[in-house]
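S.K.: Spelled out from the first residue to the last, the chains are:
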Amino acid sequence: MKVLISLFSWERNTLNLLGWGVLLLSLISCNQDPILETTNDYFITPTHFPERVYQNENNVLNKEGIALGKKLFFDPILSIDSTISCGSCHSQDYAFADNGKPLSVGVRGQIGIRNSPPLFNLAWYKNFMWDGGVKHLEFIPLAPIELDIEMDESIQNVIQKLNRNIEYQNDFEAVFGTKEISDKEFLFAMAQYMTALVSADSKYDQMIQGETTFSSEENRGYQLYQSECSSCHTEPLFTNSSFKNNGLDSVYSDLGRKRITLNDADLGKFKVPSLRNLSYTYPYMHDGRFVSMEQVIEHYSKNILDSKTLSSELINKNFTAQEKADIVAFLKTLDDESFLTNMEYRP
Amino acid sequence: MKQIKLFSILILTALITFMSSCKDKDEDPIAEAQTGTFNIEFNHIWGMGSVPFQMNTMIYHPKTKDSMEFTKVKYYISNVQLQKEDGTWWAEDESYYLVDLSETDGNILNIMNVPEGNYKALRFTHGVDSLRNFSGAQVGALSVLNGMFWSWNSGYIMIKLEGNSPQADDGTFRFHLGGYEEPNNVVTDKEFDFGSSNLIVSPTETHNVKVVVNPARAWHNAGTLTDMRDKIHMPGDTATMMAKDIFGFTAFESID
Chain A
0 MKVLISLFSW
10 ERNTLNLLGW
20 GVLLLSLISC
30 NQDPILETTN
40 DYFITPTHFP
50 ERVYQNENNV
60 LNKEGIALGK
70 KLFFDPILSI
80 DSTISCGSCH
90 SQDYAFADNG
100 KPLSVGVRGQ
110 IGIRNSPPLF
120 NLAWYKNFMW
130 DGGVKHLEFI
140 PLAPIELDIE
150 MDESIQNVIQ
160 KLNRNIEYQN
170 DFEAVFGTKE
180 ISDKEFLFAM
190 AQYMTALVSA
200 DSKYDQMIQG
210 ETTFSSEENR
220 GYQLYQSECS
230 SCHTEPLFTN
240 SSFKNNGLDS
250 VYSDLGRKRI
260 TLNDADLGKF
270 KVPSLRNLSY
280 TYPYMHDGRF
290 VSMEQVIEHY
300 SKNILDSKTL
310 SSELINKNFT
320 AQEKADIVAF
330 LKTLDDESFL
340 TNMEYRP
Chain B
0 MKQIKLFSIL
10 ILTALITFMS
20 SCKDKDEDPI
30 AEAQTGTFNI
40 EFNHIWGMGS
50 VPFQMNTMIY
60 HPKTKDSMEF
70 TKVKYYISNV
80 QLQKEDGTWW
90 AEDESYYLVD
100 LSETDGNILN
110 IMNVPEGNYK
120 ALRFTHGVDS
130 LRNFSGAQVG
140 ALSVLNGMFW
150 SWNSGYIMIK
160 LEGNSPQADD
170 GTFRFHLGGY
180 EEPNNVVTDK
190 EFDFGSSNLI
200 VSPTETHNVK
210 VVVNPARAWH
220 NAGTLTDMRD
230 KIHMPGDTAT
240 MMAKDIFGFT
250 AFESID
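One line per chain: the protein sequences are A and B, in this order.
At position 338 of the first sequence (counting the first as 1) the number is 337 in numbering that gives the first Met the number 0, and the numbers step up by one without a gap.
At position 170 of the second sequence (counting the first as 1) the number is 169 in numbering that gives the first Met the number 0, and the numbers step up by one without a gap.
So that you can see chain A by itself, here it is in the shape it has in the complex (with noise of 0.2 Å):
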């Protein structure tokens, strides 16, 4: 009270100002972790998606943190010789898949062992990569990066070689608060660029919301995908996150699922795939083996191999050729242009 009355009656100039300087410093000074003082989410769900699964708190998204988490994905200086960066093998003219090529090059040009899958929507998944060994989405970036025919790097090496970088201790203080930068932020950092990725304005996020109609051909395709296909690759998301066999194979050069959980069960099973923006991220399955999606149909159709684990929704569908046609034409109307040509992603 004191401090109040002597501000107002006493001295009007310099040292009023200077008084009110102090108590305002007080003020601000407990604003330790910026961070979470951010309240203003910049990730809006679609409508007619349900609640997303990837949800911290603190880590709330912002225009900063994203812009930050893209910088870095799209840096050589995660692999071990700054040759490779997310951005080299998920392109966003390819839906951020790896431009139609069936297995991807790695440092030292190494070849993978799976096709570079789509990055789209992976805010919704409890898990990730084709045989699900990734459980968070905070921890997706330490796989790539670690592995040896993909960056070759350490998380170790890659947090030293950011904090000698001036540049992004500036960037990591404008977002988390602090120069000294730790694997937390970074993941933090990653995770707010994947989050952002969000694609949900195709002709069927139209149609569903009422923006426009489907064609006759696309309404009866529609019909056949949600009698045969919808079971696996559920709306709105085009998958339900579960692990299949499909039938592509009856010995295994790849375990798939069973990689992770040593269970026979889960031989040969892999992550059922969303079905959007198809036109874009050829070519398919784990391996990247069929190059169109006439020819994935006319594997469902007369092509699946029986065996112990293959899922129980699969028999040869033997569509007719009106049936096959009728499909991709729904399928395409799962492609998202806006999402290939959203600047907002762009390095």
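One or more of the hints may lead you astray.
Some residues of chain A that are not near chain B, with every Cβ distance over 12 Å (derived) [to be verified]:
1) N55
2) N57
3) S90
4) K100
5) M128
6) I139
7) Q159
8) S230
9) G246
10) D286
11) K301
12) A320
The calculated lysine to aspartate or glutamate pairs, modelled on EDC-like cross-linking and capped at a C-alpha distance of 20 Å, are [what the hints assert, rightly or not]:
13) A:K301 - A:D248
14) B:K64 - B:D169
15) A:K125 - B:E180
16) A:K202 - A:D92
17) A:K257 - B:E161
18) A:K134 - B:D169
19) A:K100 - A:E293
20) A:K257 - B:D236
21) A:K134 - B:D168
22) B:K64 - B:E161
23) B:K230 - B:D168
24) B:K230 - A:D147
25) A:K134 - B:E181
26) A:K125 - B:D128
27) B:K230 - A:E145
28) A:K160 - A:D80
29) A:K125 - B:E181
30) B:K243 - B:D188
31) A:K257 - B:E180
Calculated from the structure, these hints are not laboratory results.
Quick caveat, the model's predicted, so the values are computed rather than measured.
For glycine and all other residues, C-beta sits at the position ideal for the given N, C-alpha and C.
For this one, chain A is given, so just place chain B on it according to the hints.
M.R.: Just chain B now, with coordinates in the frame of chain A:
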């Protein structure tokens, strides 16, 4: 003169406001009461014999007959709890520790801000509880920079044992043991009754609860390094057996 005096009062009062303004936020209700510290000290023995466990020294495994020189021994301890005399339990918040024998005093955990009192039993978890394996990026003992995390099959490495041995075909051995999901779950809850010797926690004295760990137990059922010198990639039958063989024999020794 009057000006200067008033100015000083002004600045002083503002400074006091400045210094006290953060106090409310930082104050922990427990810290208001009297608290103290105690240590959990892990003593490592080797087999049941007379040879002490030592890092960077060739020691002989009494059962497998292998010679082993340990260069790395690290494991997680989490969720430290103490039982009060009335039977209720005090549990430490954010209780995660990495025992690391390659560091000086890396076998001693300082448990701070414990309410003053007499305690009759100790509980902790060997490993990192399953929830934290699913919780995303962490700090401190749980930072992935500690090299105790599997990247392609998310989860903490609960025990890391590495070293050299003439019995191993390339002269080295590496065992990274973990797993927090059945049937390959190595996370083990332990409870030690102090018997007649209560642990006294007070602001003025710090006592050590000594706990014995026997790394030789890892090979009690797993057998010689000639047959297996490497188990690093992920959870599984053998890793589960080896981890449980160690954790199962952790025992309370004394309080001093």
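S.K.: If you draw a straight line from the CA of A:K134 to the CA of B:E181, is it 20 Å or shorter?
M.R.: holds, 16 Å
S.K.: Between B:K64 and B:D169, does the CA-CA distance stay at or below 20 Å?
M.R.: holds, 17 Å
S.K.: Was A:G246 rightly flagged as not at the interface, with every chain B Cβ beyond 12 Å?
M.R.: Answer for A:G246: holds, closest chain B Cβ roughly 26 Å.
S.K.: Quickly compare the C-alpha distance for A:K257 and B:D236 to 20 Å and report which way the hint goes.
M.R.: This hinted pair holds, its Cα atoms lying about 14 Å apart.
S.K.: Regarding the assertion that A:S90 does not contact chain B, is the least Cβ-Cβ distance greater than 12 Å?
M.R.: The claim holds: A:S90 sits with its nearest Cβ about 22 Å from chain B, beyond 12 Å.
S.K.: Closest CB-CB distance from A:S230 to chain B, is it above 12 Å?
M.R.: For A:S230, whose nearest Cβ neighbour in chain B is about 26 Å away, the distance exceeds 12 Å, so it holds.
S.K.: Taking the minimum C-beta separation from A:N55 to chain B, is that value above 12 Å?
M.R.: The claim is violated: A:N55 sits with its nearest Cβ about 6 Å from chain B, within 12 Å.
S.K.: Would the pair B:K243 and B:D188 pass a check requiring their Cα atoms to be no farther apart than 20 Å?
M.R.: Holds. B:K243 to B:D188 sits at ~11 Å (cutoff 20 Å).
S.K.: With d taken as the least Cβ-Cβ distance between A:N57 and chain B, does d exceed 12 Å?
M.R.: violated, 9 Å
S.K.: Please work out if A:K160 and A:D80 have their alpha carbons no farther apart than 20 Å.
M.R.: holds, 12 Å
S.K.: Does the structure keep B:K64 and B:E161 at a Cα separation of 20 Å or less?
M.R.: Holds. B:K64 to B:E161 sits at ~17 Å (cutoff 20 Å).
S.K.: Is the hinted pair A:K125 and B:E180 satisfied, with a Cα-Cα distance of at most 20 Å?
M.R.: Holds, at roughly 16 Å.
In terms of the numbered hints stated before, the structure departs from hints 1, 2, 5, 6, 7, 17, 18 and 21, listed from lowest to highest.
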